[in-house]
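2 protein chains.
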Amino acid sequence: MLSTSQIPFKDRLKDVAKVVEGDLKALLTFTPPKGISWPDRLFEAMRYASLNGGKRVRPFLVIETARLFNVEGEGVRRAAAALECIHCYSLVHDDLPAMDDDDLRRGVPTTHKKFDEATAILAGDGLLTEAFVILASPKTHEDAKIRSELVSCLAQAAGAIGMVGGQMLDIAAENEEKNEQEIRTLQAMKTGALLRAGVEMGAIISGATNEERARLIRFGEVIGLAFQLADDLLDVIADAETMGKATGKDAEQGKATFVGLHGVEDVRNLLREQVKEAEELLIPFGDKAATLKEMAHFIANRAY
Amino acid sequence: MLSTSQIPFKDRLKDVAKVVEGDLKALLTFTPPKGISWPDRLFEAMRYASLNGGKRVRPFLVIETARLFNVEGEGVRRAAAALECIHCYSLVHDDLPAMDDDDLRRGVPTTHKKFDEATAILAGDGLLTEAFVILASPKTHEDAKIRSELVSCLAQAAGAIGMVGGQMLDIAAENEEKNEQEIRTLQAMKTGALLRAGVEMGAIISGATNEERARLIRFGEVIGLAFQLADDLLDVIADAETMGKATGKDAEQGKATFVGLHGVEDVRNLLREQVKEAEELLIPFGDKAATLKEMAHFIANRAY
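Protein chains in written order, with this note's numbering: chain A, 1 to 304; chain B, 1 to 304.
Because the hints were derived from the structure by calculation, they are not lab data.
Be aware that a few hints might be false.
[What the hints assert, rightly or not] Derived Cβ-Cβ restraints for the label pairs, each shown as a range: (1) Ile36(A) - Asn52(B): 31 to 41 Å; (2) Asp103(B) - Glu280(A): 49 to 59 Å; (3) Gln181(B) - Gln181(A): 50 to 60 Å; (4) Asn70(A) - Asp143(B): 55 to 65 Å.
Glycine included, each C-beta is placed from N, C-alpha and C at the ideal position.
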């Protein structure tokens with residue numbers, strides 16, 4: 001068998017995505033007690049919202065960060081799946097008519113279009129809650145301290161001072177001029193928090209030292225910013241076909257973007273700087289960090 | 001000072017509600033990093049949705065169950081507040097136009113009416129997530145195993161096979177005939193799960209034995225059923241003024257209720273049986289259980 005570092009990055013990404021898809025399917029299959037009516041429609045909607053062939057960037061970060069410490073197995077995969085549940089719920093709620101009002105995601109109807117709004121709201125709530133059911137189970141890690149830290153990390157990243165707060169700022173930011181610092185905060189919360197959490201959860205479950213953890217968190221923040229810079233660039237430069245969605249949408253909606261503030265060239269340079277910093281942060285982990293390094297490039301490359 | 005058992009039940013309920021209100025206010029106050037824009041509107045909406053002078057029945061159950069074991073203090077109160085965050089988020093989402101479409105709650109505008117739909121969705125998501133931030137903090141209990149069990153208990157009670165699933169069944173049940181077993185399942189999930197969780201969380205944080213815990217869980221289930229039976233009775237028999245909301249609404253909406261199935265008299269008898277069982281379950285806890293016993297009566301009395 002090939003060692004991980006010998007498998008081309010894109011194949012590795014695909015392999016992990018397949019594993020995550022399978023794990024989510026298993027974790028989101030609920031068996032009814034005998035003779036009891038059961039909210040099948042809810043479960044269907046939760047699976048519809050999450051078993052969608054995504055790239056699974058966030059779970060990939062959990063799994064690959066744990067690999068730096070030679071940690072793998074069911075526990076890491078459960079942590080990865082929990083994080084993806086949060087990401088998927090956020091997409092369901094973001095797509096709702098009262099929010100971004102999107103009919104399509106990855107070319108198929110959004111959850112509220114496929115089912116209905118009430119079911120989509122509940123499916124999102126269900127996925128969000130299930131993330132913590134998964135993390136708190138002893139199956140995720142035998143040490144309750146680790147489980148508790150995972151819960152704390154994910155809840156903070158996902159909540160009011162993380163992703164949900166960022167989403168609120170994003171809505172409030174429409175048609176409002178924002179300065180550099182404001183855009184950075186907004187993006188660090190909205191998009192960055194879950195990417196950072198992926199790396200941090202990988203570090204937590206592997207028992208990384210405080211110094212290693214701090215370094216990896218910083219790596220998570222840097223690729224989080226890179227992710228958003230690339231997204232902003234793509235919104236402006238990619239053609240609709242490449243993206244599978246309308247481009248220039250953010251600008252049209254008056255959303256605050258880095259490109260709007262600095263222009264394409266400066267944002268490209270800033271993006272390159274992030275990738276360089278990400279690589280430097282990984283140096284102490286040596287060859288083992290090859291995949292995470294490639295991940296940083298992968299995130300940025302979408303926009304080169 | 002009076003010992004707890006000497007304070008009349010309704011005063012005790014009010015005192016605890018005041019404490020819970022104060023704790024929620026403190027826990028839902030977020031301090032922005034200097035010079036950073038901050039989603040104040042989200043935080044306002046989260047506080048609006050939860051600082052509403054409710055009776056705080058669920059936190060009361062956590063606090064009074066812990067008192068059976070002489071356990072009190074910040075940790076118990078945090079657990080109680082976390083549970084109430086879940087209850088409050090569920091009300092925000094249930095009130096949304098796509099769900100029950102209610103404009104008023106306790107005589108004031110619902111969160112989406114006071115703010116807007118997007119903010120209400122996010123405020124609900126924020127409250128739901130914050131519950132787990134609160135529980136996973138070492139401030140809740142020094143033993144991570146206890147924290148992890150609290151997270152697990154609350155997430156299961158609130159999630160797809162608990163409250164969220166019950167809400168889905170309730171929506172699906174409109175205008176559909178349901179048998180006894182189906183109504184019981186629906187109600188045990190929708191309303192019962194969080195009441196049961198209140199008692200169970202109180203038992204967990206107090207280090208109750210398995211036998212004590214099982215007994216208290218059963219108590220939680222019994223008062224959960226009582227709560228719903230009383231609610232169904234009230235929907236039919238109370239006049240609009242007493243309830244502060246339209247009555248007969250469930251029947252009108254074709255929702256499955258116990259009264260619809262059995263009639264008022266049989267449901268009254270069933271309710272009395274629950275209270276009797278609740279009292280019996282508390283016998284081993286002696287005088288200390290006086291307040292919980294009164295709670296069972298309080299829940300039922302609304303409908304006598």
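Q: Any hints from earlier that this structure breaks? Give me their numbers in increasing order, please.
A: 4
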